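Engineer: So you can see what is in the structure, the chains are spelled out below.
There are 4 protein chains.
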Amino acid sequence: MARIGILTSGGDCPGLNAVIRGTVLQGRTVHDQEFVGFKDGFWGLVYGEAIDLDRSVVRGISQQGGTILGTSRFGPYTEPDGGPENIKRALERIGVDGVIAVGGDGTMAAANRLLGDGIPVVGVPKTIDNDLQATDYTFGFNTAVEIATEAVDRLRTTGNSHKRCMVLEVMGRHAGWIAMYSGVAAGAHAILIPEQQESLEQVCEWVLSVRDRGRSPMVVVAEGFKLPEMDEAHSHKGMDGFNRPRLGGIAEILAPLIEEQTGIETRATVLGHIQRGGVPSAWDRVLGTRFGQAVSDLVADGQWGQMVALRGTDIVRVPFHEAVGHTKTVPLDYYRGARAIFG
Amino acid sequence: MARIGILTSGGDCPGLNAVIRGTVLQGRTVHDQEFVGFKDGFWGLVYGEAIDLDRSVVRGISQQGGTILGTSRFGPYTEPDGGPENIKRALERIGVDGVIAVGGDGTMAAANRLLGDGIPVVGVPKTIDNDLQATDYTFGFNTAVEIATEAVDRLRTTGNSHKRCMVLEVMGRHAGWIAMYSGVAAGAHAILIPEQQESLEQVCEWVLSVRDRGRSPMVVVAEGFKLPEMDEAHSHKGMDGFNRPRLGGIAEILAPLIEEQTGIETRATVLGHIQRGGVPSAWDRVLGTRFGQAVSDLVADGQWGQMVALRGTDIVRVPFHEAVGHTKTVPLDYYRGARAIFG
Amino acid sequence: MARIGILTSGGDCPGLNAVIRGTVLQGRTVHDQEFVGFKDGFWGLVYGEAIDLDRSVVRGISQQGGTILGTSRFGPYTEPDGGPENIKRALERIGVDGVIAVGGDGTMAAANRLLGDGIPVVGVPKTIDNDLQATDYTFGFNTAVEIATEAVDRLRTTGNSHKRCMVLEVMGRHAGWIAMYSGVAAGAHAILIPEQQESLEQVCEWVLSVRDRGRSPMVVVAEGFKLPEMDEAHSHKGMDGFNRPRLGGIAEILAPLIEEQTGIETRATVLGHIQRGGVPSAWDRVLGTRFGQAVSDLVADGQWGQMVALRGTDIVRVPFHEAVGHTKTVPLDYYRGARAIFG
Amino acid sequence: MARIGILTSGGDCPGLNAVIRGTVLQGRTVHDQEFVGFKDGFWGLVYGEAIDLDRSVVRGISQQGGTILGTSRFGPYTEPDGGPENIKRALERIGVDGVIAVGGDGTMAAANRLLGDGIPVVGVPKTIDNDLQATDYTFGFNTAVEIATEAVDRLRTTGNSHKRCMVLEVMGRHAGWIAMYSGVAAGAHAILIPEQQESLEQVCEWVLSVRDRGRSPMVVVAEGFKLPEMDEAHSHKGMDGFNRPRLGGIAEILAPLIEEQTGIETRATVLGHIQRGGVPSAWDRVLGTRFGQAVSDLVADGQWGQMVALRGTDIVRVPFHEAVGHTKTVPLDYYRGARAIFG
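Chains as they are written, first to last, in my numbering: chain A, 1 to 343; chain B, 1 to 343; chain C, 1 to 343; chain D, 1 to 343.
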């Protein structure tokens, strides 16, 4: 019986537990596999810290947010005790034959390197920002979009009552998918994403045109969006009263600028960590489960060095080296399509 | 300026209003189109009953369930006043150049026939059951799955407290997609769909094995599922105390049978119309909006006789004659994949 | 250190786990109390089947539906092994000094009898129907109302799209509080409750007047409502095709009658067990927590024979003998107030 | 027929539309009243800007957040065109016999002064913070608590996965009711409110004790809470990179301090305007409706100078002069009760 270890690495994401559950149930029922779970991502791999994952441990977990294994940003090559030899010794000590790494682009790059260093590893892609080229969608993204959309729906009613402009900041450091989806879903009047620069002047023009039609402007902005007017000196990493970096984001920069330029009372909301926590959407649980089942199949077929991915309605296999390093940003066409119905 | 009429036909679906909004905004902003909306599906087309759809009418409607145009099962060929000549006269009278029909397989078949009879028509596919071959997903399905999944989550806690078996009936007359997705998402112990016969004995075996592991069995059943034991005489269209056909469904047949065979107290819930109403999920609003924008483009390109569809992350065009009549049922493989982790 | 046993009896209710958690945390932190939980209501009391309830067991449970202790309708006096002497022996055997019984009117009556037979017992009232005179509100009711209201909101959109009359059946065997609250919250056009007879003619008059104003009628009916036209022969406990009692309820009787009388297509939905399961509302968690803390105080004060109750914003103490047997039905005045804005 | 004007003043609140609907339906059905709605609070009263409120205008609005009338912080005595004489002229010009003012403590104080100046006015209390002494609860509070509680539930899962301390800031400038209710409901490990000072040292002690038990600390803080360590120089009204006052709040002060003192990675989330927008809870819609119906009765009885209030389950009448100026803060006892089960 093969004994496989699973780890979840990087920022947590709704659907991680569905992956764990899908893997374990598939492996135990269909293949001759048993599982352990490494604690806190690569940390558990390096130190051989793992828990047994039998059927009873994974029961009912797909509806829980977060990951029952814990996660961290610990890198297998960057930490003092890391490196392939230590990891091999840890795997041998706890009797693990192969590793399933669930994580983002960095995790897949590390996994690829581990593979090159002789460690049997397969992958499951994870990014709440949905910015991985190799897969149509990643789990967690759908939940984040639903939460962000509900937030826009809520902000709209208070905006309308006060004739205010409301600015909502959502996740998306390098890719604006959450902003695009939630903005389109909720009928935002402007959607600002890292991929496309828009000037403050343009934003204010949209805002004013909305007001002129008797409505209250709703702006959705991804955290990675930057105004061309923003140079280093005006970076939003200012200092607060305690001489510490500010936690706030682009929405808190943008709101007072819009208010100043347009004369419309403007309020900022930063959605933050609420987007990544809590009960996963059904969609994310299904995708996570399917990824989990498929990665168990991958292991059974001995296809080390591959990860699972979604293409259309199918789960496919993609080699690490093809998947790594390709960020899926919002294409200009897609943005223009949404922009056509702004305002 | 082209003047286009939109109609929504058949059962209502979350996302219909997003389609209408997306079409109108795209047509008015990007193309030289204006729109009217036919009332109550093909009825409004036949009688030329339509309302003007300007920007203000469609504002904020994407978050509303149902359809602002109304819908019906009125057939353009089956009703006395129907037929292509009457429709042409109605279109001429109200000055409409082409028709966008939003509906299911029957609507697309009727649209195809109207096309053959010289009426310029394009289509947007709609089925809450997600059972149309030509498109990866239809809008409304996602919302229905989220609602059904939340229902399973809720039933599970009461089932556990009372050590009962809970049976939830969801939509799906010919295809079990809603049952598959919600059952997998919520970790149901048995999923019963029209495509795959399972005997009462098998169902009870699953139920008992769950009980033996100390858990409370959760069964999700699509309305179109039939037990092999069910013949015509035992059809669930029995009579109630008022000598009228019963409204209940397969869950109400199944629950007492499971209770009888297993000795486990069993309760049925029929989710019914709740699945198709209310605020659409963000996913369905985005898909509806994209379909709406794309069908406006289709009209602008004069591509009559085509409908829009989702393939992967792209919106594509499919001729009616290719799309019509191909039901997308749950493939045996897919079902077996889920069944592997039942119980 | 006092050692106290908790049991949850009767139908489950959102908020039970908050009670358990509140009791245990208060008792361990503020008083010198430790706790066990009896399994499955009075069954665990009679057989001395209990689990230790330390801090770690109750952590995070307030957001879970159902009861971690299990529940049943087992009666301490009606079952063969019941009776005060057996119970006293069981308590002695497992070293329990007193009992906290969480349950409805029947549970409080049994608790009162146990008290008379020399068993130290206090109570926490529980009824999802909110029909206990001694307390302003019971936990679970709020969650049920929120779920029922969302169901009405959803049904309304599909009703409007199809111009149908929608009938929703909610819980409430003897008291129509859930129907009243959800019906008023969602703007139902008729609310039918056990306390107030309305004729089919009157219901149809409301339905028709709504239709005549261009809207789609929405009827909310409590399961305990009876038409005056319904005699025994027409009871809704008819037989289905398998010669078993029907599971459906008054909504399934009412819908075809309304359709027949008014000519308006009418659909029934029976909400059923969904109302009592799942994540409790914040309100019910707070009320459950406060009840739990207060009942621990009650025990610390040695006030056996009392139960906790809500009056305004205060938690008060009420002797069993005052609380038992007083059903709080919807007063005629209250009903008339809502009826004034029907239709 | 009496002709009455309604206005909504101050910050918007879920349930305002239920008040408007309840008033209009009660007044038109039960009493001989008709209604207009003043635009944007007292602004509409001063300038006589009002819309007719017939039955069709208020249909279906109780499930909408915000207020269909608009609101503002315009004061009837503080603005140049204000004052009783101008208002009387405006009322006469548009033929309004009396005014229903829906608002907070400031609005009730202004209403009381208008009454003294001869304008017939009655009141409906409104504060999302629930800090009005005269009523057990105000509408809007329940919705805010449910939203805040869901946010805590969500943050908890991501906190657990990363072993982080999460700090959530909720509304409550002078009273910590939202923090108390959502914190208790979601099992927060520390609840910080304006009424009770706690030192940073104490907060960190709670946080560390939670971590030592292997859990991830969850802190809920009301916006009005201040650390004793915070003097003017350390006020959170610092400057951002654009030399504008920061929008962030106490959570953004607290999080880095906790991280510094405890060494536990800590993240802040400011819930902000999301708490006051969107679909009202059923509870708030019922309370709003009852307040609306009761204020129509108040007008019918000519009881000018009174406002409606909730006491237990009853709607009562309270004279303005008794209601005004009495803030209902969280009593020390109540806070200590919750604090007993912290950590």
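Just to be clear, a hint being listed does not mean it is correct.
Pairs involving identical chains hold if they fit within one copy or between any two copies, as the list cannot separate such chains.
[As the list claims (entries may be wrong)] Cut-off 20 Å, straight-line C-alpha distance, at most; resulting in silico cross-link-like pairs (SDA-like, lysine to any residue):
(1) K328 - I315
(2) K163 - R73
(3) K163 - I68
(4) K163 - R59
(5) K226 - L200
(6) K328 - T313
(7) K163 - G75
(8) K39 - I264
(9) K88 - R317
(10) K39 - R215
(11) K328 - G312
(12) K163 - G10
(13) K163 - I61
(14) K163 - G11
(15) K88 - D52
(16) K39 - D212
(17) K163 - H326
(18) K328 - M1
(19) K226 - D212
(20) K163 - F74
(21) K328 - D314
(22) K163 - A90
(23) K163 - S56
(24) K328 - D212
(25) K226 - R3
(26) K163 - D297
(27) K39 - F342
Just so you know, the hints here were simulated from the structure itself, not pulled from any lab data. Computed from a predicted model, the values in this text were never measured in an experiment.
Engineer: Taking the hints in turn, state whether each one holds.
Structural biologist: So, going through the hints one by one against the coordinates:
In the homo-oligomer, the alpha carbons of K328 and I315 lie at most 20 Å apart both inside one protomer (18 Å) and across protomers (18 Å), since each shortest distance falls under that limit. In the homo-oligomer, the alpha carbons of K163 and R73 lie at most 20 Å apart only across protomers (12 Å), although the nearest pairing inside one protomer, at 43 Å, exceeds that limit. Within a single copy, K163 and I68 get their C-alpha atoms only as close as 44 Å, which misses the 20 Å cut-off; across copies the closest is 12 Å, which meets it. For the identical chains of this complex, K163 and R59 are inter-copy neighbours only, at 16 Å across copies versus 48 Å inside a copy, given an alpha-carbon limit of 20 Å.
For a Cα distance limit of 20 Å, the shortest separation of K226 from L200 inside one copy, 10 Å, qualifies, whereas the shortest one across copies, 35 Å, does not. In this homomeric assembly, K328 and T313 come within 20 Å of each other (Cα to Cα) both inside a single copy, at 19 Å, and across copies, at 12 Å. Within a single copy, K163 and G75 get their C-alpha atoms only as close as 48 Å, which misses the 20 Å cut-off; across copies the closest is 17 Å, which meets it. In the homo-oligomer, the alpha carbons of K39 and I264 lie at most 20 Å apart only across protomers (18 Å), although the nearest pairing inside one protomer, at 50 Å, exceeds that limit.
In this homomeric assembly, K88 and R317 never come within 20 Å of each other (Cα to Cα): the closest approach is 25 Å inside a single copy and 52 Å across copies. In this assembly of identical chains, K39 and R215 lie within 20 Å of each other by CA distance solely across copies; the values are 15 Å between and 50 Å within a copy. With identical chains, the CA atoms of K328 and G312 are at most 20 Å apart both within one copy (16 Å) and between copies (14 Å). With identical chains, the CA atoms of K163 and G10 are at most 20 Å apart between copies only, with a shortest distance of 13 Å across copies and 40 Å within one.
In this assembly of identical chains, K163 and I61 lie within 20 Å of each other by CA distance solely across copies; the values are 18 Å between and 43 Å within a copy. Taking identical chains as interchangeable, the C-alpha atoms of K163 and G11 lie at most 20 Å apart only when they sit on different chains, with a minimum of 12 Å there against 37 Å within one chain. Taking identical chains as interchangeable, the C-alpha atoms of K88 and D52 lie at most 20 Å apart only when both belong to the same chain, with a minimum of 19 Å there against 42 Å between chains. In this assembly of identical chains, K39 and D212 lie within 20 Å of each other by CA distance solely across copies; the values are 18 Å between and 55 Å within a copy.
Taking the closest pair of Cα atoms, K163 and H326 never come within 20 Å of each other, the shortest separation being 42 Å inside a single copy and 30 Å across copies. Proximity of K328 and M1 under a CA criterion of 20 Å is satisfied in neither setting, with 38 Å inside one chain copy and 38 Å between copies. Taking the closest pair of Cα atoms, K226 and D212 never come within 20 Å of each other, the shortest separation being 26 Å inside a single copy and 41 Å across copies. In the homo-oligomer, the alpha carbons of K163 and F74 lie at most 20 Å apart only across protomers (13 Å), although the nearest pairing inside one protomer, at 47 Å, exceeds that limit.
When the C-alpha separation of K328 and D314 is checked against a cutoff of 20 Å, the pair qualifies both within a copy, at 19 Å, and between copies, at 14 Å. For the identical chains of this complex, K163 and A90 are neighbours neither inside a copy (61 Å) nor across copies (23 Å), given an alpha-carbon limit of 20 Å. For a Cα distance limit of 20 Å, the shortest separation of K163 from S56 across copies, 17 Å, qualifies, whereas the shortest one inside one copy, 53 Å, does not. Taking the closest pair of Cα atoms, K328 and D212 never come within 20 Å of each other, the shortest separation being 36 Å inside a single copy and 41 Å across copies.
Proximity of K226 to R3 under the C-alpha cut-off of 20 Å is found in neither arrangement, the shortest distances being 47 Å within a copy and 40 Å between copies. Proximity of K163 to D297 under the C-alpha cut-off of 20 Å is found in neither arrangement, the shortest distances being 55 Å within a copy and 32 Å between copies. With identical chains, the CA atoms of K39 and F342 are never at most 20 Å apart, being 45 Å at best within one copy and 27 Å at best between copies.
Of the numbered hints stated above, those contradicted by the structure are hints 9, 17, 18, 19, 22, 24, 25, 26, 27, listed in ascending order.
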